[in-house]
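A.B. asks: Protein chains in written order, with UniProt numbering: chain A, 1 to 376; chain B, 1 to 376; chain C, 1 to 376; chain D, 1 to 376.
Among the clues, some could well be false.
[Unchecked claim] Okay, derived cross-link-like pairs now, BS3-like style, lysine-lysine, Cα gap no bigger than 25 Å in a straight line:
no.	chain 1	residue 1	chain 2	residue 2
1	B	Lys-92	B	Lys-74
2	A	Lys-92	A	Lys-376
3	B	Lys-74	A	Lys-290
4	C	Lys-370	B	Lys-370
5	C	Lys-376	B	Lys-306
6	C	Lys-74	D	Lys-290
7	C	Lys-290	D	Lys-61
8	B	Lys-74	B	Lys-61
[What the hints assert, rightly or not] Cβ-to-Cβ under 10 Å is the rule here; a few derived chain D residues that face chain A:
no.	residue
9	His-287
10	Glu-327
11	Gly-329
12	Asp-357
13	Ala-362
14	Lys-363
Note that these hints are calculated values from the structure, not bench results. No residue lacks a Cβ here, since even glycine has one placed at the ideal position from N, Cα and C.
4 protein chains.
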Amino acid sequence: MSSTAKETATANGIGYPTTVNSPSGRPTFIKRNPHLSGKIAIEEHVNTNIFNSLSTNPYTKGSNEGWEGTYYQKAFMEDVQYRLGNIEERIKQMDAAGIAIMALSLMSPGIQGIFDPAEATETASKVNDQMHKLYRTGPHADRFLTWGCVAMQDPQAAAMEAERCVKELGCCGILINGFSDVGSPDAGDVRYLDEPQCEPFWAKLAELDVPLYLHPRNVAPTQSRVLRGYEFLAGSPWGFARETAEHVLRLMLSGLFDRYPGLRIVLGHCGEGLPFAIKRVDHRMRHFRKGVSGAHQHPLSHYFAKNFWITSSGVLTQSTLECTIREVGVDRVLFSADYPLEDVIEMADWFDGLEIDDPTRAKLAYGNAKILLGIK
Amino acid sequence: MSSTAKETATANGIGYPTTVNSPSGRPTFIKRNPHLSGKIAIEEHVNTNIFNSLSTNPYTKGSNEGWEGTYYQKAFMEDVQYRLGNIEERIKQMDAAGIAIMALSLMSPGIQGIFDPAEATETASKVNDQMHKLYRTGPHADRFLTWGCVAMQDPQAAAMEAERCVKELGCCGILINGFSDVGSPDAGDVRYLDEPQCEPFWAKLAELDVPLYLHPRNVAPTQSRVLRGYEFLAGSPWGFARETAEHVLRLMLSGLFDRYPGLRIVLGHCGEGLPFAIKRVDHRMRHFRKGVSGAHQHPLSHYFAKNFWITSSGVLTQSTLECTIREVGVDRVLFSADYPLEDVIEMADWFDGLEIDDPTRAKLAYGNAKILLGIK
Amino acid sequence: MSSTAKETATANGIGYPTTVNSPSGRPTFIKRNPHLSGKIAIEEHVNTNIFNSLSTNPYTKGSNEGWEGTYYQKAFMEDVQYRLGNIEERIKQMDAAGIAIMALSLMSPGIQGIFDPAEATETASKVNDQMHKLYRTGPHADRFLTWGCVAMQDPQAAAMEAERCVKELGCCGILINGFSDVGSPDAGDVRYLDEPQCEPFWAKLAELDVPLYLHPRNVAPTQSRVLRGYEFLAGSPWGFARETAEHVLRLMLSGLFDRYPGLRIVLGHCGEGLPFAIKRVDHRMRHFRKGVSGAHQHPLSHYFAKNFWITSSGVLTQSTLECTIREVGVDRVLFSADYPLEDVIEMADWFDGLEIDDPTRAKLAYGNAKILLGIK
Amino acid sequence: MSSTAKETATANGIGYPTTVNSPSGRPTFIKRNPHLSGKIAIEEHVNTNIFNSLSTNPYTKGSNEGWEGTYYQKAFMEDVQYRLGNIEERIKQMDAAGIAIMALSLMSPGIQGIFDPAEATETASKVNDQMHKLYRTGPHADRFLTWGCVAMQDPQAAAMEAERCVKELGCCGILINGFSDVGSPDAGDVRYLDEPQCEPFWAKLAELDVPLYLHPRNVAPTQSRVLRGYEFLAGSPWGFARETAEHVLRLMLSGLFDRYPGLRIVLGHCGEGLPFAIKRVDHRMRHFRKGVSGAHQHPLSHYFAKNFWITSSGVLTQSTLECTIREVGVDRVLFSADYPLEDVIEMADWFDGLEIDDPTRAKLAYGNAKILLGIK
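Pulled out of the complex, with its shape left as it was, chain A reads as follows (with noise of 0.2 Å):
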């Protein structure tokens, strides 16, 4: 299968692509060009029958369940959890789309979202046990990869499972849902990968030298003033966004990329507004005193340029995806589709379309994420 649609054969012997079917039908004129062949989506996601990866365990009005129950229109819902775990639909909607290989992981909050700590260990390792054998194994095996998943809420475990879904269970990475539910479900804590007792994991994510891609969970709505009245923007991308771009915000002002230079984050959403922002931030910060705002050694953009990689998922805008390939550059963005929350055939349609030189579109399709995943 060739990986551009754009060198078919031709009536006139000259490579154009041509005729028959044009838009008003009219001879010599070209065809629409079919879908690019071979792209690779790698924030796609599944759940699996070992619990209710959209639902904190126990429930809380906060998470994803809760405010997807409460705002979205009930066939969109019961058409997203159909697909989420229906791997001959997937494999359809990805032949029909253009999407060689997708890289899968559990649905958010997923194991985040699970408050206590032995659990939630054990539900990732079964978690991770299930997500190899239905879709690492069987008919379909060359058309996924998995993202590893593991408890925070336990880092030394999370450590432990990491290195085991690496190397035991060939994963491409971890992917993590943001913050992890700690203690007491009406206490609201919460714990950040940038504080002390996640540092286990951080040295042996750098030993493995897989990425990891940090997904967003919902912000609880009680967290924000301004949100007050207007509870579901906390679920809305917006809330998304604003949530995990302050937790890598969190990250790069901790230190963490200076003691371990060559972590490798992976963003979806086009980097959540970061790309928009950080240097803004950075021209403000030159003003601030020695110390005071952090343990980082170089303006925030630095580390955004050097370990971030970002996807465009759930991105169907042009002038967002420039806007982060110009902070970032070419070899650190990646196409992404966000199934099945997304329609890969929409976002097909529209990456596919984008009026982008073919070698960036072949880096932003497959040539990226063959790098940054290690994909032969």
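Place chains B, C and D on chain A using the hints.
C.D. replies: For chains B, C and D alone, coordinates are given in the frame of chain A:
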């Protein structure tokens, strides 16, 4: 004074700018363009001797003064304080940067940080009078416009003061620094502009048909779990932008722009991140249930393109500016500096050197401001 | 008929376009936008039954018909011929593509290819009358405008006919297909529009204050050594663009726009390459001696930004369009198709799908054309 | 020497460039970045004392010297002549502009302007030897590379000399200044590189696997009717670009890149206009008859993206550079200056100030050149 530096008469008689002081002193090479003259900058700040507009009153830890005292280098803050009230220095900087006119406003939080409604109302009136006297009369009266300030702690009074500002003092519009403090400083209650009590103010603003500048105010760091340990982010451009953008989303979702379709809101800092994100919020909200997501009748990007004008205040990144222009179009984006927090020469160096076409530069530099503010 | 397809009422009541026939049939997903309606296309061609406007008269090898007969697929040329004169097919295509109005002109070389001045003059008059009768009266009169044609072989007569076109026939302007053939077909003499004899025509055009569309004409392949053996390049868009761009440079260098600073020239095909190159020509000419390089008084890009309007006729490349916009600004670039050489549905698919902001799209689609051509 | 100026250690310890000499002398404001160091510029010219490479031999009116003597200001041409052969001045300018390495070539028309094949062949050999001695040995040998020159007036000899250049003199590739003069100066005969006689040269070049720089040569003004009266256009960037672009089209249409698919051609001046136009040429050629339009087997843009590398020599326009990048991708575009016709400081000021992401800047500044020319 010609409005562009590019049409100077020259040595060879065909209008090419030329010679003597080229970068390397070579003959007949081009001279670097001086600043484009005639620029209008509309998010520029002053203080008065009436009260300390950088602090809440009474003082609270999260106020502007609080974090500026804590985080900024002393030399920077002293320089800012010196420049806030020095008219001659301001004129000197404007001349050097090619800024013909500044539209001035009171430093944040200003009136919005005065907890007592009566005191807020009275102070707003005094500030408006003093700003008028200092900047709209005297030798430099043709170099300044003023944004009126109002006390949203008492919306009825705010409506009356807005009318006085426009009709008696000739203000170019009203500028509000985000939410208003109300009640007890300990309670942390605030008022957002979409709340029902604000209706009389909006009705008056629509009647007066002047723009409202929604300027950022730093959010209290206690408002966000993710910022714990990194409180300075709340007062950095990151926190400003987040708080202001979410305030804007509240306005849109409240149906305000359906009730008053002619309202004109001005945002600084390239739209506080909204140009990057708003299409994706809409993209997801298409799946929302009827009626649960707000009282608005159109996609959010509809209001953004119709009711909003955006300035480049504080921005020095071309990709951010271009992303903004590609969301709202060249007729709604305006140059601004954010003096004296920013340096007008640094901002002008960047803006005047941007490789955009001359007609677009003229729109951004002064053309759009003339239309928005009714400058002859 | 609303001017944008994006504000349709929808299922969930908040204005999001929606559902049933999404690309993959999923519920609550978005429907692909239909064409933007209301577009105005201004480089659209017809023929008449008065003479064969695709050929010189007498026939010469380098004329349009010559190379089209030699190089183009037969089915394509038959289809073009069929569409040139078929009004009902044209209306059907316009409706399908969302084109409200076409400004029509005679196929190249048209009048410019008639060697005998008296015959050229008389033919121009007949063509203008017939085009008026066919397209400006009758059931579709509100869908068409016409560009007048004139015989520059007799500039005095051309001036008179231009006046008749504008004042009596209501033409939106004058369109000229490049150089005019004069004298003996064997001699290869031609007249360019900067030649002194043309002055009466320019004086009249300035007085009438209507735009002139400078449409390409294929250059004779004998005119260029480098094309020997590849003569078809002269009649391809490459040769058209080169010839027309150099004709434009002649106009600029002749001082025409200094003598008539209000002249408005329209170019097709994204400015025939000039937006990409003109700054570099200026950049080098700054080193030229006084007076040797032309009679012009300003850099060439000065005239390009001030006296020229550019259409996207025949262009389907976003980077080419953006390069054009960045040279002359969004108020001087206009959508066009080049029907029936191009397919209006193919062109509209591309243009309507371009990810540009809605205000800019509206300017390019119809707003700028309304201003340029005085359409109410 | 670090490759970027943006990571300097600074006053507040977090890597933000800082202070004392900000544009307006304010404390803690940013200092303007010095030039990016480490740049490689590959279209840079020298002369030798072997012959006058700016003239044809014998002299013809249309040669470089002819129009330069006629049109350029005397001070400019004297300065160019002074700099062509002055190594120390060159090094000084390179240091000031942050250019680590220049790949040097003989000024146009060079060997291509010598009508006698034997003399051309002999002169090429002498020039290659002298350039090697002057620039590839001695104290600055690590600052220069050389492009070999060859006499296409005798393609067999050119093939042999190319081999000697690469294998014995270590040239980074071969540079040819467009068409070669052959036969009698009065006849105006020339040889283009797609002509059958050139085959032995191309076979050798493919075997040597080094790039060929196709540098412009001014076209004789007599070659174009449209330039009559404006002959200087032929020798301006306009004429250079047209002639060279059409030479490229000849190469593509001849099937050269189908016979030698690994050939690497370098073009200067942002691709001589081709990035703006080539898609439209393809767009039209899809309607051409089989076999009549050339011996090529793919659309022209296929070869352009696969066999061509483009430098920014002589270009100071961001939109032109971006249009180029969007046609061939960031891995095939390279910074160059065109010294001493251009000023390296002026070019570096522009290039280093371009608001592109740092990884892309590094590719354009030196990364792509290292790969193309095999620089360690």
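A.B. asks: With reference to the structure, classify each hint as holding or not holding.
C.D. replies: Consistency of the hints with the structure:
1. With a C-alpha separation of about 24 Å, the suggested pair B:Lys-92 and B:Lys-74 falls inside the 25 Å cut-off, and the hint holds.
2. Among the hinted pairs, A:Lys-92 with A:Lys-376 is consistent with the structure: their alpha-carbon atoms are about 23 Å apart, no more than 25 Å.
3. Straight-line distance between C-alpha atoms of B:Lys-74 and A:Lys-290 comes to about 11 Å, which keeps the hinted pair within the 25 Å bound.
4. A threshold of 25 Å between alpha carbons decides the hint, and for C:Lys-370 with B:Lys-370 the separation of about 24 Å falls inside it, so the pair holds.
5. Proximity of C:Lys-376 to B:Lys-306 is assessed by CA-CA distance (about 23 Å); at most 25 Å being required, the pair is judged to hold.
6. Straight-line distance between C-alpha atoms of C:Lys-74 and D:Lys-290 comes to about 11 Å, which keeps the hinted pair within the 25 Å bound.
7. For the hint pairing C:Lys-290 with D:Lys-61, the CA-to-CA distance comes to about 21 Å; that is within 25 Å, so the pair holds.
8. For a cut-off of 25 Å, the pair hint linking B:Lys-74 to B:Lys-61 stands: about 18 Å separates their Cα positions.
9. With 10 Å as the threshold, the beta carbon of D:His-287 comes within range of chain A, its nearest partner Cβ sitting at about 5 Å, so the hint holds.
10. Here the hint on D:Glu-327 is kept, as its CB sits about 6 Å from the closest CB of chain A, short of 10 Å.
11. Satisfaction of the interface hint for D:Gly-329 is found here, the shortest Cβ-Cβ separation to chain A being roughly 3 Å, below the 10 Å cut-off.
12. The restraint placing D:Asp-357 at the interface with chain A holds, with a minimum CB-CB distance near 4 Å, inside the 10 Å limit.
13. For the restraint placing D:Ala-362 at the interface with chain A, the shortest Cβ-Cβ distance is roughly 9 Å, inside the 10 Å limit, so the hint holds.
14. Hint on D:Lys-363 holds. Least Cβ distance to chain A is approximately 8 Å, under the 10 Å limit.
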